[in-house]
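*Asks:* Residue-level listing of the chains:
Protein chains: 2
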Amino acid sequence: MDKLTIVKVGGKIVEDEASLKQLLEDFVQIAGYKLLVHGGGRKATDISEKLGIETKMVDGRRITDEETLKVVTMVYAGLVNKNIVAKLQALDKNAFGLCGADFNLIRSVKRPVKEIDYGFVGDVAEVQPDILNSLIEQNIIPVVAPITHDMKGTLLNTNADTIANEVAKAMADHFEVHLIFCFEKLGVLSNPDDETSVIEEINREDYLRYKEEGVIQGGMIPKLDNAFNAIDCGVSEVVITRADNLISGGGTHIIR
Amino acid sequence: MDKLTIVKVGGKIVEDEASLKQLLEDFVQIAGYKLLVHGGGRKATDISEKLGIETKMVDGRRITDEETLKVVTMVYAGLVNKNIVAKLQALDKNAFGLCGADFNLIRSVKRPVKEIDYGFVGDVAEVQPDILNSLIEQNIIPVVAPITHDMKGTLLNTNADTIANEVAKAMADHFEVHLIFCFEKLGVLSNPDDETSVIEEINREDYLRYKEEGVIQGGMIPKLDNAFNAIDCGVSEVVITRADNLISGGGTHIIR
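Each protein sequence line maps, in turn, to chains B and A.
Following the numbering used here, the numbering of the first sequence begins with -15 at its first residue and continues without gaps.
Following the numbering used here, the numbering of the second sequence begins with -15 at its first residue and continues without gaps.
Chain B extracted, bound-state conformation:
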């Protein structure tokens, strides 16, 4: 199988012209087939504010009402996505941008209302990667915005990490998939006070031990649960690293 590297970057990096430029210059140097998933970030909040739309957060999570959905669709699938595509074209890489509605790549289901009504937020139900697979094999780079749809005409806001994970799993039948999550730290740390204490490689056994010992805790736990879920579903390797470290081979490598 051919190698496909899927990189997920947050909104913070893609919204800043200088860090986006650096990221894309590094990204295109990755050998083999590539796919980029980008997050949304603060610009949506800024624009919502200017448009007089109140950003509602519950337990640190954004509530996507109808007006907020319009803003995230504009910002993520329009402004951020097309800006990345134009910059990749300028680097002589044929790219195209899409969201989950395009090619019916990602069908999602509006999150059921329990204690909290998250509004227009979609949980991934199905990924159909066939068309994307064949475009990738033509050396075209897909750039995926974190918006999905319900096949009933409604767009839904969906977590970009989840999208990267689900797309990686769906493509693992067809490619040897390497999934790289860029975040603000150099990797998973064995000592949270020491930024350089990166755990280079971790399998499920190590992970359970680290969790038991309290070395790995908090926000790292859902990240690693997702990573091991991807590994279980055929993804060859998940890497957690910092964006400026994308091509060094550093970061934490999550393996079977």
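The reader is advised that the hints may include incorrect statements.
Heads up, the list lumps identical chains together, so a pair's fine if it works in one copy or across two of them.
What the hints assert, rightly or not - Listed below are the simulated BS3-like cross-link pairs for lysine-lysine, each with C-alpha atoms no more than 25 Å apart in a straight line: (1) K5 - K136; (2) K40 - K(-4); (3) K77 - K94; (4) K77 - K40; (5) K98 - K195; (6) K98 - K77; (7) K5 - K169; (8) K207 - K136; (9) K77 - K(-4); (10) K136 - K195.
Simulated from the structure, these hints should not be mistaken for laboratory data.
Here the structure is a predicted model, which means the values were calculated and not measured.
Once you have looked at the hints, place chain A on chain B.
*Replies:* Just chain A, lined up with the frame of chain B:
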């Protein structure tokens, strides 16, 4: 050659939920391969106003400064485009949205500054339809937003009629292209005071005579010049009609 119908609709129709619904229900009934080009419209102006961006017009034309470019990219390539794609998916038609930067479909050149500086406005330089052609042949419907790029990383605002025309011409090597422009009238009128006086068919000879007689004048002249230019470049037929008349076969048919 297989038949491809390219439909161009203005922003007014695609921004209104009811008229968009009707348009898409009609559009999917067109037999054979299809491609949709949509305009931008007033929503960009509304959002610009709310964001405190002044809309500058010179001789009735919008000046696209840096902030306005961001707004049109968000609204046209994000909100309007993805909304159309989601609605087509709901009609069980596999569709995807793109702008001229995607697949490097349309490279344009920033309009040179003469008396007026139009800002980030692009004049079409080159259309590369190969990837789109092959997707269309897989029964996928492209939905094109009126944003292009300069291959140097800059997005540019481009007239949607021009995009429809240039894409139609570029695809005429590969398909028997029928190009339908939807506008507010039923067709080209022989009597501007009589909305039903639609000229059903017109060739270049007729056109020159009508122009000489003053029957065709004003804003119709550039529209028809573009239509005949498309015909000269291999497009089989150009139709000018009203959106709600899309599948009736009515309107003005411009032929060789």
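*Asks:* Evaluate each hint against the coordinates.
*Replies:* Results for each hint:
1. For a Cα distance limit of 25 Å, the shortest separation of K5 from K136 across copies, 12 Å, qualifies, whereas the shortest one inside one copy, 37 Å, does not.
2. In this assembly of identical chains, K40 and K(-4) lie within 25 Å of each other by CA distance solely inside one copy; the values are 20 Å within and 31 Å between copies.
3. In the homo-oligomer, the alpha carbons of K77 and K94 lie at most 25 Å apart only across protomers (21 Å), although the nearest pairing inside one protomer, at 35 Å, exceeds that limit.
4. Taking the shortest Cα distances, K77 and K40 never come within 25 Å of each other, neither inside one copy (39 Å) nor across copies (35 Å).
5. When the C-alpha separation of K98 and K195 is checked against a cutoff of 25 Å, the pair qualifies neither within a copy, at 29 Å, nor between copies, at 66 Å.
6. Taking CA atoms no more than 25 Å apart as the test, K98 paired with K77 passes in neither setting, with 44 Å inside one copy and 33 Å between copies.
7. Taking the shortest alpha-carbon separations for K5 and K169, only the intra-copy value of 20 Å comes in at or below 25 Å, while the best inter-copy value is 46 Å.
8. Taking the closest pair of Cα atoms, K207 and K136 never come within 25 Å of each other, the shortest separation being 31 Å inside a single copy and 36 Å across copies.
9. In this assembly of identical chains, K77 and K(-4) lie within 25 Å of each other by CA distance solely inside one copy; the values are 23 Å within and 35 Å between copies.
10. In this assembly of identical chains, K136 and K195 lie within 25 Å of each other by CA distance neither inside one copy nor across copies; the values are 41 Å within and 48 Å between.
Hint compliance for this structure: hints 4, 5, 6, 8, 10 are not met, and every other hint is.
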